[in-house]
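Quick note, the sequences are listed as chains A, B, C and D, same order. Residue numbering for the first sequence follows our numbering, beginning at 1 and increasing consecutively. Residue numbering for the second sequence follows our numbering, beginning at 339 and increasing consecutively. Residue numbering for the third sequence follows our numbering, beginning at 662 and increasing consecutively. Residue numbering for the fourth sequence follows our numbering, beginning at 960 and increasing consecutively.
Don't read these hints as lab results, they were simulated from the structure. Computed from a predicted structure; not experimentally measured. Do not rely on the hints blindly, as some may be mistaken.
[Said to hold, decoys possible] Facing chain B, according to a computed beta carbon distance under 8 angstroms, are these residues of chain A, among others:
#1 30
#2 232
#3 233
[Stated by the list, open to error] Away from chain C, derived, C-beta distances all over 10 angstroms, residues of chain D:
#4 962
#5 978
#6 1005
#7 1097
#8 1125
#9 1136
#10 1229
#11 1255
#12 1273
#13 1285
The beta-carbon is built from N, C-alpha and C at its ideal position, and this holds for glycine as well.
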Amino acid sequence: MRETTASPVGFTTKSDDKMAEKESILVVKNLTKHFKTSFGTVHAVDNIEFDVRFGETFGLVGESGSGKTTTGYMIMGVYTPTSGRIVFKGQDISVHVVKRPKSIKKDMSIVFQDPASSLNPSKTIKEIVGLPLKVHGLVKDNVELNKGVEELLEAVELPPERFMDTLPGDLGGGEKQAVAIARAIATHPSFVVLDEPTSALDVSVQAKVIKTLMKLQQELKLSYLFITHDLSLMRNVASRVAIMYLGKIYEYAPAHLFFHNPVHPYTKMLLSSVPVLTDEEETSKPRDVKSTGEVSSAINPPPGCRFHPRCPFATTICKVKEPEFVMIEPEHYVACHL
Amino acid sequence: MTEQLLEIKNLYVGYKTYRGTSKVLNGVHLSVNTGEKVGLIGESGCGKTTTMKTILRILPANAVIQNGEIYFRGKDIQRMGKNELNELRRTYIAMIFQDPTAALNPVFKIETQLADVIKSSHAHESRTEELNAKCIRLLKEVALPDPERVLDSYPFQLSGGMRQRVCIAMALATPRYLLIADEPTTNLDVTIQDQVLHLIKDIVEKRKLSVILISHALGTVRGFVDKVCAMYAGEIFEVAETEKLFSDPLHPYTKGLLESTPRLTGGFSEGIGGRVPDYINPPLGCRFHPRCNYSLSICKKEKPPFIDIEGNHSVACWLYNKK
Amino acid sequence: MNKARLLRIIRLSKIIQSRRLEFAKRMWYRFSRSKLSLVGLVMAIVSILTALLAPWIAPHPEDVTKITHFERKFQLPSLEYPLGTDDYGRDIFSRTIFGFQYSLMMAAVVLVLVVPVGVILGLIAGTRKGLIETVIMRVADIFIAVPALVLALAICSVLTPSVFNAMMAVSLMWWPWYTRLTYHIASSLKNEYFVQAAELIGASSFHIMFREILPNCLGSILTKVTLDVGWVILIGSSLSFVGLGAQPPTPDLGTMVAGGGQYMPDFWWVSIFPAVAIAFIIMGFNLLGDGVRDMFTE
Amino acid sequence: MSVYIAKRAAYIVFTLFGLSILVFTLARVLPGDPVRMALGPRTPPEIIEQVRKQLRLDRPLYEQYFYWLRDVAAGDLGYSLYTKRSVTHDVLEFLPASLELIILAAIFEIVGAFLLGVIAGRFSYKWPDNLVRVFSYVGISIPSFVWAIIFQLLFTWFLPLFPTIGNISRDIPSPPKVTGFLTLDSLLAGRFDAFANVLWHGILPALALCLGGMAQDARIIRTGMVENKDKDYITMATSQGLPERLIMFKYLLKPSIIPAITVMGMDIAGMLGNAFTVEIVFRWPGFSKYGIEVMKNVDLNAIVGVVLVIGVIFAIMNIIADILVAYVDPRIRLMERGE
């Protein structure tokens, strides 16, 4: 099934295998995170594994409560993993951000979901974008600081003279997120976690922000971990996609395989629920799985395959044994007993 | 001509704020025939919810209706007396809100709230067992597992999907003519969204209701409604049959919106630059002209009239008006 | 400095200047939305001016000290003595004016001591979760486990009663209210994304506390400070009314009200006018405080 | 529910324990020799020394505290130098009169705050609302002792409607002492005239005590109602055509009173403090008058005892408020057990 329309920027089908040998920028092994709350322990993330290659956009998709944001936060060091390892450029960083060396903080950054809350309302854009430059000593004096901030604002297509001294309150949603991106790339990191960067924005503004992110990826050779629940967006952004449900990864594959040849019932259910615009998209959606039931509570997740209460093909083994990863095609792995 | 159920004519609504009155609705025209399913698409801040709240006269205190009439089955809602208005709200029009968490009273059980809605429209049916039976029947109709437990619990104990189903059940408490669904599934997860949308569709079919479905996600509206109105900055500027609007949009804003929505099969365009206008002093003429890359000099001066291009596809844009 | 840079600075200063003006305009609009706030502003200014200019505007400044004029005891309010005279024949009007001075001085001293301590402790507790947070907040709770006046009375009783000791007593048990206020705001702001972003960038905890969180607490703190001027005066005057605060002959309003107590009801003005003065100051700052709160809420 | 209350009780016991340490050390650490002050400057030094030994004041601080704590656990608050009697005895004698006054004031406050708050909320931004708003500013701004003096002046002298001082008229024989509460004792003894007389005495002081709290709570209820009016669940109820009275007095009122309950608990408990001033004005033979005399004479054990007793009462009132809030607001009640 040949891909129609423009192929998504940032993903080059041809050189896919070449990237495979190159060593990954980030490797995650048996990563687990349990939160103790007064209701019981929440199994937010359970034993997940994936890696992000240099210059790649790795997609993490899932609904709310799937643990995708917790994973992103563990990689950035907001949470300390309960167990498992995170290796960034060969260095083990499975600790809280406070305990991490400053060089790591310079080399990684994050763009949060809600633009309104990611900028300090009482500070000007210059102070916000300038903070990483000052913290990492990339600027000696005010003149250099101004120049640095101007360059960053131009990189995200915000005319500096208009935005330099404004407060976040006077900006639109898209513009706020652009400032957050400028701050994220201030220290020229090599890896950026994008935690649902555009889910709080309108579609027309989202397109602009995504284009900016893709442009920066080309120019600054960035690797992205792109977290979102919007499958249509993921299709246009990620080179490889992993799907998470209740803290576990059940399928991951290169984007075009993930969307054209989904294997795991949950992936099919999710794809079939996506509202689409054109008939062509309608036909591409799997039809054998209809959305049923609700996600179970993460405090005592169902035994065996956690999707079995909602899975139309669930058999007795699904209720007991956790599925192992099986390779369907090169780079396409699924954890399901079918 | 099928009987016209609801007609909004030339509606101007604003809100009093500290910087002056924001002129949000700038002459809205909308009509819904009996049994017709109308979609209203537009991005946040374009006045979709304000329009719907004006119909049922549930606007907040600082809202000001500057001009315009709303006719429901021939009667102007603005001039309706208290009990006529209440009758309209109880039996003729039902509304589902966007955020199910906020739409249910946090300190009362579902049972109390549902029972009060039923009692308010059928005063005679106030005997508890009959009431209870009706509650259970309604909850079953919205496919809620274990209705007894739901009735006995408080809103914060239910998931988002279940809360929205309870709101739908409340809307079905009486035989209604028009269902207004204001972004019913925006706050829900994709899989739950799909289930709730199908639920609303079945109910509308079964009870032959006319519907106004509001959404900023174009896909939600596509498989559901017969006619789609596109709204921007307080004006409805394009109305067409669903298929025609999605395949051949006329207004630059609709085109931009359709192109910037990412396709499941890959591809999306540059999006639309600029920001939603400031309603305190909105741009003159066509409110989209600051962001429109086809804007002519007249667009900046005069508001484009609403003209019919091909029978059921009308648009308000100077590009199509040979003035 | 080349021309372009000069132009840019001029334009920049114009922008900042116009922005400050616009900010001030917005704040004033919100403040003046309710007329009561304006009344409060006027009352507060009158109180402060009276306190500052007391020695110059009081007709009989010497009456503040111990001297007695028994010959003009208990005179009704007249032109000479606008508020009448007290049991020692002293002019109540002058003593009340000096009373303003004592009350506002007490409020100022207490708040100057209490606000920084309470806010900093609140910030630390709010941002440093874990042991230090529990220690600070539980100690703060202990001070709040008893009504403010009771604790102040206990402390005053142990120290020899005087204006200074009253101030120390009120300060000792007033800081927890600012700790709790700042703690709640800080812990809610802590999981805002801009604070997490600063942490992830590697900013120091000092920067996070004082440059990221504190600016967003100033609105609520300023509101509480304005309201607390009234509260502190209320507690201070209660202390001296009971006899454990300022001692006669200091012209403290609470002491004057207590002093006039036994001459009720025939010489009612000895107590009533100082009492009205207390209510006037407190009312002024309460109205002003609500206006300040409106300024910081949408 | 029980988990929530148990946790609150444990937390409050800990706070009281902290309070006892605070007040105990304060009394002994701060400058000034309490014993000489209490016995008077002229007493010979060896007697002062002997009393200090008897009160164990010469022992190290922590030792004194443990002995004191042991006695308190046994209900003995120590010996009062001023009244030459055990502090517990004095407390039991004077406390009931104060509690009667505070209970009466609490009733006024709850009823008043409720009425004024709902009226202001119901007719928001109309004249009743503005009237309540002005009243609440006046109520909050005037200290209790000023109210007391004004009431005493206006309603006992100029218009002799109420008795000026005391909690029972001299000419009425007081009922036999059973519970120590005049009101209860007179009821037990079937003496309704005495009961009415005590209430009649208590009205003015109770009003003076509660006006500040009443004003504040009325404002909280009013603000709650005004803010919740625009909430989605009220807009939805209106869109469903529910009768306006049902929306106003059921769906809008219940969520609006929740924040007021906790504050009401604090206000009523706060009256214990203001009672110190009001009881002096009305010469109400209550616990606070005893507290003042004891404080004026720097009677260490008594001061610590008074503050601790007030702390316990304060804690009890806070627990009652917590139970009420948990009862009214299901989110708190059920959230604890992870329902």
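Outcome of the hint check:
1. Checking residue 30(A) against chain B: minimum C-beta separation of about 27 angstroms lies over 8 angstroms; hint violated.
2. This hint holds: residue 232(A) has a C-beta 4 angstroms from the nearest C-beta of chain B, less than the 8 angstroms allowed.
3. Checking residue 233(A) against chain B by beta carbon gives a least distance of about 5 angstroms; that is within 8 angstroms, so the hint holds.
4. Residue 962(D), annotated as away from the interface, keeps every beta carbon of chain C farther than 10 angstroms; the closest lies near 20 angstroms.
5. Under the 10 angstroms C-beta cut-off, the non-interface status given to residue 978(D) relative to chain C is violated; the minimum distance is some 5 angstroms.
6. Against chain C, the non-interface label of residue 1005(D) holds: every CB pair exceeds 10 angstroms, the least being about 25 angstroms.
7. Distance to chain C contradicts residue 1097(D) as a non-interface residue, since its nearest Cβ pair spans about 7 angstroms, not more than 10 angstroms.
8. With a least CB separation of 15 angstroms from chain C, residue 1125(D) remains clear of the 10 angstroms interface cut-off, as annotated.
9. Under the 10 angstroms C-beta cut-off, the non-interface status given to residue 1136(D) relative to chain C holds; the minimum distance is some 27 angstroms.
10. Some Cβ of chain C comes within 10 angstroms of the Cβ of residue 1229(D); the nearest lies about 5 angstroms off, and the non-interface call is violated.
11. With a cut of 10 angstroms on Cβ distances, residue 1255(D) falls inside the contact zone with chain C, its closest approach being about 6 angstroms.
12. With a closest Cβ-Cβ approach of about 6 angstroms to chain C, residue 1273(D) is found to fall inside the 10 angstroms limit, against its non-interface label.
13. With 10 angstroms as the threshold on Cβ separation, the claim that residue 1285(D) sits away from chain C holds: the shortest Cβ distance comes to roughly 19 angstroms.
Violated hints, listed in ascending order, are 1, 5, 7, 10, 11 and 12; each of the other numbered hints is respected by the structure.
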